[in-house]
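Participant: In case you want the letters, here they are:
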Amino acid sequence: MSNGQNGAELRLVTPGMAIGPSAGIRVGSGALAQNDTIIATRLGWVKEFNNTVSVDPINSAYMPRSGDLIVATVAEVRNNLWFMNINGPFQGLLPMSLAPWKVEFGAARQHMGIGDVVLARVQEVDECHNVVLTMKGVGLRRLTQGSLHSVPINHLERLRGEGNATLQRLRDACDCRIIVGENGKVWVDGNSEGTAWARQAFDLVLKSGHKDTFEADLTALEKNAPKNGDA
Amino acid sequence: MGGYGDVQLLRDDGLRLDGRKLDEMRPVSIEAGILPAADGSAMVTHGLNVAVAAVYGPMEAHPRKIQRQDRAVIDVRYNMAPFSTGDRIRPGYNRRSREISKVTAEALESVVLVERFPRSKIRVEIEILAAEAGTRCAGLTAAAVALADAGIPMRDLIVGVASGKVEGIVVLDLDKAEDNYGQADLPVGILPNTGEIAFLQMDGDLSPDEYNLAMEYNFKAAAEIHEIMVDALKRRYEGGEN
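These protein sequences, in sequence, are chains S and H.
With this note's numbering applied, the first sequence corresponds to residues 1 to 231, in that order.
With this note's numbering applied, the second sequence corresponds to residues 232 to 473, in that order.
In short, the hints are calculated from the structure, not lab data.
Among these hints, one or two may not hold up.
[Claimed, not checked] Under the rule of at most 20 Å between Cα atoms (straight-line distance), these lysine to aspartate or glutamate pairs were calculated in the EDC-like manner: (1) H/K252 to H/E447; (2) S/K207 to H/E469; (3) H/K465 to S/E182; (4) S/K223 to S/E193; (5) S/K211 to H/D410; (6) H/K407 to H/D254; (7) H/K451 to H/E469; (8) H/K451 to H/D254; (9) H/K407 to H/E358; (10) H/K252 to H/E469; (11) H/K465 to H/E455; (12) S/K136 to S/D116; (13) S/K211 to S/D116; (14) S/K211 to H/E469; (15) H/K465 to S/D56; (16) H/K352 to S/D126; (17) H/K252 to H/E455; (18) S/K136 to S/E193; (19) H/K252 to H/D410; (20) H/K352 to S/E127; (21) H/K352 to H/D301; (22) S/K207 to H/E262; (23) H/K352 to H/D410; (24) H/K407 to H/E255.
All values derive from a computational prediction rather than experimental measurement.
Isolated chain S (complex conformation):
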């Protein structure tokens, strides 16, 4: 198990495939130790870092963690709470006590209805995967204009880049406000040309986010960006 660039080696494994001996090595996510051997439990790239072997999955569902900033959509409204689609296996619950407004019992619908999109934070996830969201916090709000897009969870790091450098490049190129939720939902607010270009960039992340050519492809796409091109 040799180290490649950034501590990751480009070795694709499938579930059940042996990665290497488990002696003296810690087992990270996407892998498990079985009979002195580390086996992959997911389809993904083997990663070795700090004596820990893990598998970086190619596809994965969003598993909420406390503190995550997410873009969620209202799925159901009750008298005193909203059920939010958080793009994961479970719906999130936003009680009226954690909404940014003073909500009377039975008046939840007057503030948000089904399909409304919000920027929220995961307040709590219990062992039964009950997810409680909050909208109390700086910047957390209902998103009233713009459009919603999706990016694979495993490519979020690629979309953001180191220190959000790639994300800032996208923002500058399309002249849009872009909010990336930890749940793979991305909010884009700007003019139509910028939004269309941002969508192309997200498609690029989907298609080649795992490839070494991603950076070159993004640079090529940037040449057609509204700020640099004819638009």
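Given chain S's structure and the hints, the job is docking chain H onto it.
Facilitator: Quick look at chain H alone, frame taken from chain S:
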């Protein structure tokens, strides 16, 4: 099965009617990620069988009564398309598809790390587009590739293969005539890396020696199909096609 002993299924030269050797499998090809709307998908062509599997989830299990507090439930729906066989099949669920859905779900539950997703559901849809004996095995293989493609954590892939007995001789991978007129059919779901059996059914009678030979054939075929499964998954992502 076993009621048509006068039908010739083996040639005088010891080969089968389609020219295969006794331990030879029909050609198998697998493609992963064929359905963009699904979280994971696969198509398996096994001889003339064509099975498509799509995986959705994990998602919140509905209705709530099916939820399990400590694990996910795997909801499998196996269906044969009306045009999949020469005689049109009446569309919809029937006794056979219910049975196959159930045994496939139980086989998949033994490899998927269901405890990672309490209270949720993983939906697996298996559609048989063309059938020529061995559709449950093709469907199981397709479901395993689709689950891996969807990023569902599993401790191994699972391969569906079958052996049987025709004219008193054990053969691998029965075709339609052998399945209809043969004396036994032994479909199994094998975990290729550990050699465990997650699913086993038997139709007809086999002596202990015949059973052992049939299982030997099955394990050999499972190893071959496993390589094709891994290749399909690698081709999808390593080959640059996403």
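Participant: Against each hint, give a clear statement of whether it holds in the structure.
Facilitator: Going through the hints against the structure:
Between H/K252 and H/E447 the CA atoms are separated by roughly 15 Å; this keeps the pair inside 20 Å, and the hint holds. Restraint check for S/K207 and H/E469: the C-alpha separation of about 12 Å stays at or below 20 Å, so the hint holds. With a C-alpha separation of about 27 Å, the suggested pairing of H/K465 with S/E182 is violated against the 20 Å cut-off. As the CA atoms of S/K223 and S/E193 are separated by approximately 14 Å, the hinted pair is consistent with the 20 Å bound.
Restraint check for S/K211 and H/D410: not satisfied, since their Cα atoms lie roughly 46 Å apart, outside the 20 Å limit. At roughly 16 Å between alpha-carbon atoms, H/K407 and H/D254 fall within 20 Å of each other, so this suggested pair holds. Using a Cα cut-off of 20 Å, the hinted pair H/K451 and H/E469 is violated, with the two alpha carbons roughly 27 Å apart. Proximity of H/K451 to H/D254 is assessed by CA-CA distance (about 9 Å); at most 20 Å being required, the pair is judged to hold.
As the CA atoms of H/K407 and H/E358 are separated by approximately 19 Å, the hinted pair is consistent with the 20 Å bound. The straight-line distance between the Cα atoms of H/K252 and H/E469 is roughly 34 Å, outside the 20 Å bound, and the hint therefore fails. About 16 Å separates the Cα atoms of H/K465 and H/E455, which keeps this hinted pair within 20 Å; it holds. With a CA separation close to 17 Å, the supplied pair S/K136 and S/D116 stays within the 20 Å bound.
With a CA separation close to 35 Å, the supplied pair S/K211 and S/D116 exceeds the 20 Å bound. Straight-line distance between C-alpha atoms of S/K211 and H/E469 comes to about 9 Å, which keeps the hinted pair within the 20 Å bound. This hinted pair checks out: H/K465 and S/D56 have alpha carbons roughly 15 Å apart, not beyond 20 Å. Using a Cα cut-off of 20 Å, the hinted pair H/K352 and S/D126 holds, with the two alpha carbons roughly 18 Å apart.
Between H/K252 and H/E455 the alpha-carbon distance is near 16 Å, which keeps this suggested pair within the 20 Å criterion. The hinted pair formed by S/K136 and S/E193 fails the criterion: a straight-line CA distance of about 33 Å is larger than 20 Å. Only pairs whose Cα atoms come within 20 Å are accepted, and H/K252 paired with H/D410 is accepted, the gap being roughly 16 Å. A C-alpha spacing of about 17 Å is found between H/K352 and S/E127, which places the hinted pair at or below 20 Å, so the restraint holds.
For a cut-off of 20 Å, the pair hint linking H/K352 to H/D301 stands: about 12 Å separates their Cα positions. About 18 Å separates the Cα atoms of S/K207 and H/E262, which keeps this hinted pair within 20 Å; it holds. At roughly 34 Å between alpha-carbon atoms, H/K352 and H/D410 are farther apart than 20 Å, so this suggested pair is violated. Annotation: proposed proximity of H/K407 to H/E255 holds, straight-line Cα distance about 15 Å (limit 20 Å).
Checked against the numbered hints given earlier, this structure breaks hints 3, 5, 7, 10, 13, 18, 23; the rest are met.
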